[in-house]
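Kindly produce the complete structure, drawing on both the sequences and the hints.
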Amino acid sequence: MKGGINSSAFLIKKVMAKELTKDNFDEVVLRSEQPVLVDFWAQWCGPCKAIGPIIEELNNEFNGKVLVGKVDVDANQELAVKFGIMNIPTVLFFKNGQVEDKLKGVAPKREFVKKLESLLS
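First residue of the sequence shown? That's 1380 in the working numbering, and the numbers climb one at a time after it.
Keep in mind that the hints are not guaranteed to be accurate.
Result set (DSS-like, lysine-lysine): computed pairs, CA atoms no more than 27 Å apart in a straight line [as the list claims (entries may be wrong)]:
(1) K1481 <-> K1401
(2) K1461 <-> K1493
(3) K1428 <-> K1444
(4) K1401 <-> K1428
(5) K1461 <-> K1481
(6) K1428 <-> K1481
(7) K1493 <-> K1474
Distance windows between CB atoms, simulated [said to hold, decoys possible]:
(8) Q1456 <-> E1496: 29 to 37 Å
(9) E1496 <-> D1453: 27 to 35 Å
(10) G1443 <-> K1488: 17 to 25 Å
(11) L1499 <-> Q1422: 14 to 22 Å
(12) E1457 <-> R1489: 30 to 38 Å
(13) N1475 <-> G1425: 27 to 35 Å
None of these hints come from the bench; they were simulated from the model.
As the structure is a prediction and not an experimental result, all values here were calculated from the model.
Where a beta carbon is used, it is the ideal one built from N, C-alpha and C, also for glycine.
Written out as structure tokens, the structure is:
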């Protein structure tokens, strides 16, 4: 390093949303002591890609208070069926292993924040 600042020292660690599958869903979501936001999505889904950055921002902003996970409905159809997911994106909000709220389709970040803050109160 020649006369510069080690830029890696200034990197902020970003935590990625947890990939959820039928194998880890119960353990991660239903048995969580924290509220959980679960984004049901698919790679080919344009609206899913539109809210993806919001989901990742929420994951970092609520890190330590709320768990954030993503379910690829193409790879985990049984979870989509189990929770009645008919359209994507659909985001479910869990508390104590139960669905407490949901958002369907694209929504502004403030709507997600409002629902998360409600879960935490």
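Is the Cα-Cα distance between K1481 and K1401 27 Å or less? At roughly 20 Å apart (the allowed maximum being 27 Å), K1401 and K1481 satisfy the hint.
Taking the CB of E1457 and the CB of R1489, does the distance hold inside 30 to 38 Å? holds, 33 Å
Hint consistency between K1493 and K1474 [alpha-carbon to alpha-carbon, up to 27 Å]: holds, 15 Å
Given a hint of 14 to 22 Å, does the C-beta separation of L1499 and Q1422 actually sit inside it? violated, 31 Å
Take a quick look at whether K1401 and K1428 sit within 27 Å of each other, Cα to Cα. This hinted pair holds, its Cα atoms lying about 22 Å apart.
G1443 versus K1488 beta-carbon gap, inside 17 to 25 Å or not: Given a distance of about 19 Å, which is inside 17 to 25 Å, the answer is holds.
Hinted pair, alpha-carbon criterion (27 Å max): K1428, K1481. Please report holds or violated. Distance ~18 Å between K1428 and K1481 Cα, so the pair holds.
Given the range 29 to 37 Å, decide if the beta-carbon distance of Q1456 to E1496 lies inside it. Since Q1456 and E1496 have Cβ atoms about 32 Å apart, the given range 29 to 37 Å holds.
Outcome for the supplied range 27 to 35 Å, where the beta carbon pair is N1475 and G1425: holds, 34 Å
Okay, E1496 versus D1453 on CB: inside 27 to 35 Å? Holds, at about 31 Å.
Quick one, are K1461 and K1481 close enough, alpha carbons at most 27 Å? Holds - the C-alpha atoms of K1481 and K1461 are around 15 Å apart, at most 27 Å.
Quickly compare the C-alpha distance for K1461 and K1493 to 27 Å and report which way the hint goes. holds, 26 Å
Violation of the numbered hints given earlier is confined to hint 11; every other hint is satisfied by the structure.
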